[in-house]
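As they're listed, the protein sequences go chains C and B. Numbering (my numbering) for the first sequence: 2 to 512. Numbering (my numbering) for the second sequence: 7 to 339.
Hints were generated in silico from the structure; no laboratory data involved. Note that CB positions come from ideal geometry on N, CA and C, so glycine has one too. Some hints could be false.
To be verified - Facing chain C, from chain B, some residues (calculated, C-beta under 8 Å): (1) 120; (2) 221; (3) 278.
As a plain string of letters, each chain reads:
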Amino acid sequence: MTGVRLTGLRKSYGPTTVLAVDELELRGGQIVALVGENGAGKSTLTGILSGIVTADEGIVEIAGSTLRAGDPRHAQQLGVSLVSQEFPLVGQLPVAENLLLGLRPAGTSRLFVNRGATRRAATALLDRLGVVIEPDRLVETLTVPQQQLIEIAKALGREPSVLVLDEPTSALGPVESAAVLGAARDLAERGAVVVFIGHRLDEVREIADRVVVLRNGRLVADLTPAEATEQRLVRAMVGAELSDLVGQPTAGGGDRIAFRATGLAARGLGPVDLTVQDGEILGIAGLMGSGRSRLLHTIMGATTRTAGTMTLGGEPYAPRSPADAVAAGVGLVPEDRKHQALLLDAPVRWNVSLAALRGLARPFLSPALELAFATEVAESANVTCQSIEQAVRGLSGGNQQKSVFGRWFAVKPRLLLLDEPTRGVDIGAKAGIYRLIEAAAADGMTVVVVSSELEELMQLTHRIAVMSRGHLVRTIDRDQFSKESIMTAATSGAVPRPAPGPTGGVEGAVR
Amino acid sequence: MSAITAEPGSRPRWATRLAATPEIGVISAVVVLFIAFSLASDSFASVSNLQTMGGDLAQYGILALGVSFVILTGGIDLSVGSMVALTAVLSAWLNVRAGLGAPIAILLTLLIAALVGVIHGLFVTRLGVPPFVTTLVTLVTARGAALAITKGFPIDGVSSTFTDLNAYRVLLVPVPTVIFIVLCVLAWVFLERTHVGRQIYAVGGNREAARLSGIRTERRILLTYVISSLCAGVVGVLITSRLSVGQPSVGSGWELTAIAAAVIGGISLSGGAGRVVGVAFGAILLVVINTGLVILHVSPYYQQIVLGLVLAVAITTDRVRSRRLARSRTPVS
Chain C
2 MTGVRLTGLR KSYGPTTVLA VDELELRGGQ IVALVGENGA GKSTLTGILS
52 GIVTADEGIV EIAGSTLRAG DPRHAQQLGV SLVSQEFPLV GQLPVAENLL
102 LGLRPAGTSR LFVNRGATRR AATALLDRLG VVIEPDRLVE TLTVPQQQLI
152 EIAKALGREP SVLVLDEPTS ALGPVESAAV LGAARDLAER GAVVVFIGHR
202 LDEVREIADR VVVLRNGRLV ADLTPAEATE QRLVRAMVGA ELSDLVGQPT
252 AGGGDRIAFR ATGLAARGLG PVDLTVQDGE ILGIAGLMGS GRSRLLHTIM
302 GATTRTAGTM TLGGEPYAPR SPADAVAAGV GLVPEDRKHQ ALLLDAPVRW
352 NVSLAALRGL ARPFLSPALE LAFATEVAES ANVTCQSIEQ AVRGLSGGNQ
402 QKSVFGRWFA VKPRLLLLDE PTRGVDIGAK AGIYRLIEAA AADGMTVVVV
452 SSELEELMQL THRIAVMSRG HLVRTIDRDQ FSKESIMTAA TSGAVPRPAP
502 GPTGGVEGAV R
Chain B
7 MSAITAEPGS RPRWATRLAA TPEIGVISAV VVLFIAFSLA SDSFASVSNL
57 QTMGGDLAQY GILALGVSFV ILTGGIDLSV GSMVALTAVL SAWLNVRAGL
107 GAPIAILLTL LIAALVGVIH GLFVTRLGVP PFVTTLVTLV TARGAALAIT
157 KGFPIDGVSS TFTDLNAYRV LLVPVPTVIF IVLCVLAWVF LERTHVGRQI
207 YAVGGNREAA RLSGIRTERR ILLTYVISSL CAGVVGVLIT SRLSVGQPSV
257 GSGWELTAIA AAVIGGISLS GGAGRVVGVA FGAILLVVIN TGLVILHVSP
307 YYQQIVLGLV LAVAITTDRV RSRRLARSRT PVS
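Start from the sequences and build out the full structure, keeping to the hints where you can.
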């Protein structure tokens with residue numbers, strides 16, 4: 002049995018103390034969930050534990066030996082393995098070699114790479130997570146969720162005695178999440194310490210043996226799963242009631258059809274028939290790889306449409322690029338804000354005015370006008386920042402996401418497509434984003450939102466369309482919402498069946 | 007950034023603003039070296055030497071300006087040195103051998119240069135050939151074409167319009183230098199004050215994000231290659247006017263000088279960052295150092311070492327700056 006003992010930890014950046022934990026003991030065989038808002042000190046704490054961050058004061062003991070502060074290699078030797086939200090994978094190497102990076106399969110030569118053995122070992126690792134990904138594929142060709150699964154499998158392959166998972170399931174669908182949590186449970190049962198950072202409270206309650214809440218760098222609660230009700234957790238984290246935070250049902254959508262797709266198809270998608278009413282919030286649920294993102298990207302003109310027609314506001318709509326889509330009044334908040342949405346090193350001003358620039362130029366851009374415009378937009382999207390000229394990289398996840406919302410609010414699209422809008426943002430910011438979505442719908446925008454969090458969809462939307470293997474399998478009205486009905490529909494199509502349309506690109510589905 | 011809001015009043019506003027200007031390093035280097043060389047040699051700041059420097063500046067500066075556009079999108083243009091040779095020869099050939107009037111010859115030369123830029127752009131955007139490779143092909147072929155057109159010998163006998171272009175002065179300033187200044191102003195207006203200019207930064211900062219927010223990224227990238235080749239064409243014409251012959255061996259290695267000037271001026275090789283003012287002063291710095299060392303009779307070998315060191319300092323300060331920026335990031339919840 003390993004154990005981790007943290008004593009007197011202090012960490013400050015300049016005048017701000019980000020972590021002040023007097024004593025925390027983690028026992029082997031336990032899954033400890035670490036919850037708190039962004040900036041509460043979770044990442045600092047796990048960073049110190051894995052040697053990436055050097056504490057100003059304090060001692061970390063792992064299985065009796067004291068960790069040399071700020072020495073990640075020493076932490077690894079002591080058996081600490083960290084799965085962060087950034088995946089340090091080598092894109093140009095195949096899956097198998099990434100999984101065994103720096104390791105050698107048992108019984109193989111020191112000098113030569115044994116490809117067969119590497120592949121077998123990799124497949125065994127992936128099997129532990131129940132994931133089917135071809136071990137010879139290059140990692141750069143995988144989707145974000147698939148890369149996350151690889152990263153987790155890689156950490157498990159190190160047989161760590163202390164495993165830190167930083168939001169391991171934020172990019173994953175429900176079934177994949179369950180597989181990851183199952184693997185974490187196995188590891189804990191074999192005596193390891195598992196530290197789990199999570200934002201989904203239902204998941205936290207389900208998996209954890211103990212829930213530790215951080216707020217402003219301090220330990221504010223240490224609860225058993227039974228004590229950790231959603232209300233109590235939220236109150237500990239932000240000092241507010243859950244009902245204040247979660248969006249309430251809004252008035253129903255109008256009856257004019259805002260958007261209609263008929264027989265819409267792309268590689269691995271469709272044919273899909275879909276109609277959305279004016280002012281409606283339509284949810285799209287489905288497992289990872291079910292084609293949800295692809296559907297949004299096809300509507301946006303970012304993925305080549307192979308068949309089918311669309312209308313927007315009653316007029317034919319056939320975008321050949323996202324630029325056409327924006328011109329027609331469609332906007333997309335993509336899944337991966339760092340890679341698909343933000344100019345990270347550019348100021349907030351540039352990021353929020355990006356889509357509206359052409360309209361601002363008359364014919365030249367005026368700095369004063371742009372500044373006023375961007376300030377107003379950032380305020381309308383409730384972006385909190387020190388300065389509008391601050392690089393957007395320095396903002397919290399929630400504020401980064403709100404900046405992307407601001408970018409679209411600035412051009413008032415008729416149809417707003419949202420792909421996992423609350424992924425990796427803290428609970429306070431989630432509430433803010435729900436309010437933005439509701440405001441958008443109230444403002445006359447039609448909203449299509451893809452999410453892996455069923456509760457979020459059930460709270461927020463008027464109707465949920467469920468996708469599976471590239472097809473729309475069921476549409477559920479609000480009065481019939483239930484987790485069971487959505488999950489049944491989402492998994493029903495996952496069984497192989499004679500597909501009527503092209504269904505490539507659904508690898509990575511869970512067995 | 008936070009420094010501006012955090013401590014108002016501790017220093018005058020203009021001083022804090024000056025300290026926050028990323029180009030401050032290269033600008034002060036220019037000022038310091040200019041004063042130092044002027045003190046070390048009487049001839050350095052003389053009118054005739056300044057005019058010579060102005061001619062050099064036009065050559066390297068215009069090339070650097072053009073290349074900067076490509077680098078802003080995250081690409082690179084290695085072809086500009088050879089394109090200078092090709093356009094220099096081409097303008098002379100059209101004027102002398104084909105018997106076209108100088109204005110027509112110049113216009114046609116620029117048109118052909120632009121066409122090469124379009125081809126670069128199409129290769130990079132449509133075929134997905136890496137910019138390095140695409141322009142490397144032109145680096146070799148354009149030089150070859152220049153030599154083939156002339157069979158290795160300079161074309162002389164260009165009309166007086168060409169030579170006038172170099173000889174004429176506007177208030178003591180040589181015409182090529184005036185052209186450089188005008189191009190700087192145009193580039194500044196384009197990059198800072200038009201939506202297309204901002205979109206070029208966006209493409210370099212994050213191409214996928216730019217595409218998904220409705221920017222026609224392929225067109226923007228193509229445009230930058232056209233601008234870069236056009237700038238090389240302008241320099242080619244100016245060279246022919248300066249040498250009064252179409253010289254096929256000219257411009258060898260200038261692509262690297264141009265890229266160096268851009269990088270010294272703060273254009274990030276990874277794209278999306280850097281300003282015209284920096285590029286202009288980057289080019290001025292290189293010319294000042296070159297001329298100063300010549301006037302002080304420093305051996306050409308040492309001159310190259312000095313230039314290399316300047317580049318190393320520029321890159322190091324850039325890294326240190328961005329490292330420090332990264333460290334001062336404090337997330338706000």
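Could you work out which earlier hints the structure fails to respect and list their numbers in ascending sequence?
1
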